[in-house]
Amino acid sequence: MINGVGREIPESIAGIKNIKPYINPFSYVPTGHLTGPAIKVNKPRSEKVLSSIEQAIDASGLKDGMTISFHHHFRNGDYVLNMVMGVIARKGIKDLTLAPSSLNTINEEIIPYMNQGVITAVETSGARGKLGQLLTSGQLSKPTIIRSHGGRARAIECGELHIDVAFIGAPACDTYGNINGVEGKSVCGSMGYAMVDAAYADKVVAITDHLVPYPLFPISIPQTQVDYIVPVEAIGDPKGIASGALRISKDPRELLIAQYATAAIEYSGYFKQDYSIQLGSGGASLAAARFLKEKMKKQGITASFGLGGVTAPFIEMLEEGLIKAVYDVQDFDIPSIESIKKNRNHQEMSASFYANPHNGGPIVNQLDVVILSATEVDVNFNVNVITDSNGVIMGAVGGHQDTAAGAALSIVVAPLLRGRLPMVIDQVHTVCTPGETVDIVVTERGVAVNPLRSDLKDNLKAANIPLMDIEELRNIAYEFAGKPDPIEVSERIAAVVEYRDGTLIDVIRTTV
Amino acid sequence: MKLRRTMMFVPGNNPGMLINAGIYGADTIIFDLEDSVALSEKDAARHLVYNAMKSINYPCEVAVRINHISTPFGYKDLETILAVKPDLIRLPKAETAADIKEIDELITAAEIKHGFLPGSINMMAAIETAKGIRNAYDIAAASPRMVALAIGGEDYLADIQTSRTKDGKEFFAGRGQLILAAKEAGIHAIDTVFGDVNNEEDFIAETTRIKEMGFDGKSVVNPRQINIVHEIYTPTEKEIDHAQRVIAAYEESLARKSGVVSLNGKMIDIPVVKRAQRTLAYANAVGKYKGGETL
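Residue numbers (the numbering used here), protein chains in the order written: chain A, 1 to 512; chain B, 1001 to 1295.
One should not assume that every hint holds.
[Stated by the list, open to error] Label-pair restraints from in silico Cβ distances:
hint : chain 1 : residue 1 : chain 2 : residue 2 : range
1    : A       : E488      : B       : E1237     : 52 to 62 Å
2    : B       : T1108     : A       : N390      : 37 to 47 Å
3    : A       : R290      : B       : M1267     : 45 to 55 Å
4    : B       : Q1277     : A       : A408      : 43 to 53 Å
5    : B       : S1040     : A       : K324      : 31 to 41 Å
6    : A       : E319      : B       : I1056     : 38 to 48 Å
7    : A       : G15       : B       : D1196     : 56 to 66 Å
Source of the hints: derived by calculation from the structure; they are not laboratory data.
For every residue, glycine included, the Cβ atom is placed at its ideal position computed from N, Cα and C.
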């Protein structure tokens, strides 16, 4: 069947249940009730602290065929996933579904366990490098399920992704299982993605390198959700978890894209007192933060809230009073982690609060403006952020679908050419975010407004930016780089890309 | 009004930079075949620039800085580049009017050969020695193709045996003479590059200073410098407002057939009127003012 973005979705895919094709961003309305974790009992004065990961695995009852989860706040400094998988593999447990909130290059260490049948399925936001290649190869027995951060929270809460055991890397944990991300030697700041896992997994194991006497405060994940605690030497490499304050790009092309994106915001009609904003962590987004800050100061405008994925430029704006509050699902750098620890207006939130489309209202629904990056964009404004020019998984959906759908104005920034490759093309290889939810595409050579938003087009005429049709952008890109041949793929489906509501927006086939 | 507020150098041997050179809004881009290209890369750069100019439609004035015709590369540069009709040939290290005349003749021949409109390819010269400064007016007036004189940086300093200072004393004499020569010849005066790209503060100070001296623009080496220069060269709302009022007073005096122009009780001289006209024309050219309204 052909879905709402024109992609062929097979009626049945081995290993994927309940296939629903994507129709449009808000057409699917589920019914029924949320799921819940196994009932827990903890008697007075019982001990949660165990001496090894192996003991915790035994105590959790982990068996062949179950689903385990991890969170990716430690980014490329994460030790927990690799450490736990090593123990699981040694215990001979097989056929697991691995469901981390995302995968980083450091997790390549677990590839042997995929080859050995320890892990036979993956459900995550994305992957890079060798892990991306493996997931694209179709080698696992089930297709990988790619979900956005909001989509993952939804899948967990509605029972589509049932987690048997969640392993939670805990920068600080007390002896009764209260966890936060702001103390200890491996601080990561917000614990937003792990909050959903902790609330819905049947068993929750905290792995910590900073075990403290009871009680710990502040509490991000409460004792009521945590079954076992394992102290270890180190849960991550601080250098890989958070960078220092990211420097604003000096790449003139990125700066130009940022300048156009900022001008688009300024003239969009949304740039007014108490607007709200989310910026990505890419070079152009960070540069846009600087330009936006100057414009806000000049025009005396302050924002009601900032959302993210939080980086230092946001914190500067918070501290200077340009943003009233920051809502935070993940931190990228040290200034952000320090801020969430000390600033009451810097609020931790769960992935569900952030972006789950099927709850009483995620914060993305209140968002005015978001700047998002892209790998490829097509003339229908569909965006690919997951596969590269060879069709191989090399990125993550993250909050892309969620914020594009929620924000009143979604701006996608991308260079028109990367090396010898055009980035605005006829058809993206993989649709991650539907064009219907993308309002403006900004490149260094021109800015295209989605024809669905003729209101915006009128507003932007005064912005002194090179406005053009998206087809014109594609033509310029093709003029320089030629029209790329379509990537040759087989019939075999290596991964499915869910839209945030659980419908299928695209499939990723193995390349030939 | 032809603007040359920014003339951006782009190394001729860098394909990525050649492709993107036109997107940053410089008034002129200068593809460089001279100092930024190593001797072993001269041929490659010449052919890259030729092909870039042939295939890419740049939205601004395109200049090529050739090697001096006293080097083994200068004539080859001209032969190759003139075939793709640059807007402007920039000669480095100009010292005499004869240099200019010789290149002028070569350009004339190339225009005939390739069927270009006669006189359609302009020239400018960079003056980088004391001798060049002394001959600056002759150089500026040596050909009707000449549209600008620029003062070179390091070579000039080496020649007059000094070095860079924060407030630019070393360029005091050279800049002063170059301005006069260019203005007398009725062409643009372009200031030298400021290489410390990350030092925004001193760049702003220097650009402000040379604008006040009368320079029409500045050579830049990085796209990040373009907007800064353009901002400094944009008339302020106050300047535009004042210019409008001067013009209004002048027009009123014409209507009254009175030889005396006065604004707020003060007499206004004709040069003040001319300056006001120039301010409005300039504001119009930079897109800040149109049909009586400040944008």
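Supplied distance hint 31 to 41 Å, evaluated on CB atoms of S1040/B and K324/A: Hint violated: Cβ distance 59 Å, outside 31 to 41 Å.
Outcome of range test on Cβ distance (E319/A, I1056/B; 38 to 48 Å): holds, 45 Å
G15/A paired with D1196/B, Cβ distance criterion 56 to 66 Å: Holds, at about 59 Å.
Status of the given 45 to 55 Å range, CB of M1267/B versus CB of R290/A: The hint (45 to 55 Å, Cβ to Cβ) holds, given that R290/A and M1267/B are roughly 48 Å apart.
Range hint 52 to 62 Å (beta carbons of E488/A and E1237/B) holds or violated: Between E488/A and E1237/B, where Cβ atoms are some 59 Å apart, the hint holds.
Range agreement (Cβ of A408/A with Cβ of Q1277/B, hint 43 to 53 Å): holds, 46 Å
CB-CB spacing for N390/A and T1108/B relative to the 37 to 47 Å hint: Hint violated: Cβ distance 52 Å, outside 37 to 47 Å.
Comparing the model with each numbered hint stated earlier shows that hints 2 and 5 do not hold.
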